[in-house]
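**Q** The listed protein sequences derive, respectively, from chains E and S.
So the first sequence is numbered by this note's numbering: it starts at 37 and just counts up by one.
So the second sequence is numbered by this note's numbering: it starts at 37 and just counts up by one.
Any given hint might turn out to be false.
Note that the list lumps identical chains together, so a pair holds whenever it fits in one copy or between two copies.
As the list claims (entries may be wrong) - In silico lysine to any residue, SDA-like type, Cα no more than 25 Å apart, as pairs:
#1 Lys-39 to Gly-75
#2 Lys-177 to Gly-163
#3 Lys-136 to Ala-197
#4 Lys-136 to Ile-192
Hints were generated in silico from the structure; no laboratory data involved.
Number of protein chains: 2
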Amino acid sequence: MFKARLSEVQTAVQTALDEAVARQPEGPLRAPMHYALQGGKRLRAFLVLESAALFDLPQSQAMPAAAAVEALHAFSLVHDDMPCMDDDDLRRGQPTVHVKWDDATAVLAGDALQTLAFELCCDPVLGAPDRRIALVEALAKSSGAAGMCHGQALDIAAETAKTPLTLDQIISLQAGKTGALISFSVRAGAILAGADQTALRIYSDAVGLAFQIADDILDVTGDEAATGKRVGKDAGAGKATFVSLLGLQGAQTRAAELIETASDALSDYGDRAENLRDAARFVISRKT
Amino acid sequence: MFKARLSEVQTAVQTALDEAVARQPEGPLRAPMHYALQGGKRLRAFLVLESAALFDLPQSQAMPAAAAVEALHAFSLVHDDMPCMDDDDLRRGQPTVHVKWDDATAVLAGDALQTLAFELCCDPVLGAPDRRIALVEALAKSSGAAGMCHGQALDIAAETAKTPLTLDQIISLQAGKTGALISFSVRAGAILAGADQTALRIYSDAVGLAFQIADDILDVTGDEAATGKRVGKDAGAGKATFVSLLGLQGAQTRAAELIETASDALSDYGDRAENLRDAARFVISRKT
Chain E
37 MFKARLSEVQ
47 TAVQTALDEA
57 VARQPEGPLR
67 APMHYALQGG
77 KRLRAFLVLE
87 SAALFDLPQS
97 QAMPAAAAVE
107 ALHAFSLVHD
117 DMPCMDDDDL
127 RRGQPTVHVK
137 WDDATAVLAG
147 DALQTLAFEL
157 CCDPVLGAPD
167 RRIALVEALA
177 KSSGAAGMCH
187 GQALDIAAET
197 AKTPLTLDQI
207 ISLQAGKTGA
217 LISFSVRAGA
227 ILAGADQTAL
237 RIYSDAVGLA
247 FQIADDILDV
257 TGDEAATGKR
267 VGKDAGAGKA
277 TFVSLLGLQG
287 AQTRAAELIE
297 TASDALSDYG
307 DRAENLRDAA
317 RFVISRKT
Chain S
37 MFKARLSEVQ
47 TAVQTALDEA
57 VARQPEGPLR
67 APMHYALQGG
77 KRLRAFLVLE
87 SAALFDLPQS
97 QAMPAAAAVE
107 ALHAFSLVHD
117 DMPCMDDDDL
127 RRGQPTVHVK
137 WDDATAVLAG
147 DALQTLAFEL
157 CCDPVLGAPD
167 RRIALVEALA
177 KSSGAAGMCH
187 GQALDIAAET
197 AKTPLTLDQI
207 ISLQAGKTGA
217 LISFSVRAGA
227 ILAGADQTAL
237 RIYSDAVGLA
247 FQIADDILDV
257 TGDEAATGKR
267 VGKDAGAGKA
277 TFVSLLGLQG
287 AQTRAAELIE
297 TASDALSDYG
307 DRAENLRDAA
317 RFVISRKT
């Protein structure tokens, strides 16, 4: 059920993203932008569309917001993979943008993907101007020096730090690096509907943290062919992770507790939240 | 008169930018963002505020848009200066961000400055939501694969091209690289007022092109101490410029004609456009 729904979302959001890139003028950035937007789990897009469904917003109305969050995510991956950052040659099983093109193209295609994310939030189909400007503001807060970029900067600082991070510091780092954009995705429906975001914030805080714990677990237990990225990288770099701090068993227990917290938070939404509950469970059971 | 007004704008927009950075949470990106936002001519902010004045919008109302365009400009400079792009060590007479910090910090601080630009466009002081979302959309179109990033990508492609660009190709390149953001700045007042942008587009197209011709002239005739950046760089790299194509005299004549076109376009605005006419003249007379 969840897998079938995720697969539907993957197809629909890919179409929206491909159309958005096709609307850009021809030039050297269109091909690397298009390339960087292929594949991926599309979990963030799924969260946006399921959040919208809680408030009876049709998929066609929320789609530009789903495409926006995937464009912002793709921008962060293109920059994160660069040699001066995480230095990854492989992403989703394919050569990264700076490997396939060059570093300058990775900088500029990433920059243009961030811009595209904000442009997508302006689409009139999303609703009235007050809802769209609220969406832009929430996306900005999830992306910049208060969100994703902040978390990534803390992450890079941690790699060169003399002492490993504490658990609290890792939680704070991940709240920015992965949590902020997941939180935006989960709240997007409430933002577009002008509704209260409290329950969705509880859900997203818990799922965001569980997502990162699951990433750390996969770094230890994962299969390179399945994940499409190098395995054992963080452990090999002597980087503190949830697994190194809590042990494999402890990390798995913590993730399971967080998923329960997340599911409980959505009780007021009844059956309409079933896909979001499934998504929470998927986050800690995934193999990639 | 123009210089005094520009000086006022420099002070006011610097305050707005410093306050915007101070509102970001503490972390590794605040210092490099603050650093990258110091100095500069603030011509783009000036254009935003003078454009607003044409429609009787007070400076306090338009200020977040002026700060936004300077944040977006600063983002582009931080990334452009990186070793994989233009590889500049000096900007506004100071070490560039990647020299003072490192490449990863330059990528992330630049990314966060782009985000900040969009966040600033959400400020309620700018006006009703429909005006703010129009501002976000116009800023996005001036920045990404249809604007500044596109121009920069063409510029980098030109540096490695086997044959020098034609004049038409250079004009197209510069329309993106510098013209798009100048166009946004000049039109910002009309966007915030919900007014017609035709005359301002004519003005900005002409001034944007004249600005780049003046840059090419300064690359030949400029003084490194005054411009705060390396001189003779483009000519030394065998890069086609307006000066190499039209000659120094020809480039100066072309710039002067464009400034006349720009001034004439504003005749309907009468005396209120005097500062914008002065700005156009300044663009081709500046020494930095």
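**Q** State for each hint whether it applies.
**A** Comparing the hints with the structure gives:
1. Lys-39 to Gly-75: within (15 Å within a copy, 53 Å between copies)
2. Lys-177 to Gly-163: both (20 Å within a copy, 20 Å between copies)
3. Lys-136 to Ala-197: Answer is between: at 19 Å across copies they meet the 25 Å cutoff, but 31 Å inside does not.
4. Lys-136 to Ile-192: both (24 Å within a copy, 17 Å between copies)
Consistency note: the structure conflicts with none of the earlier hints.
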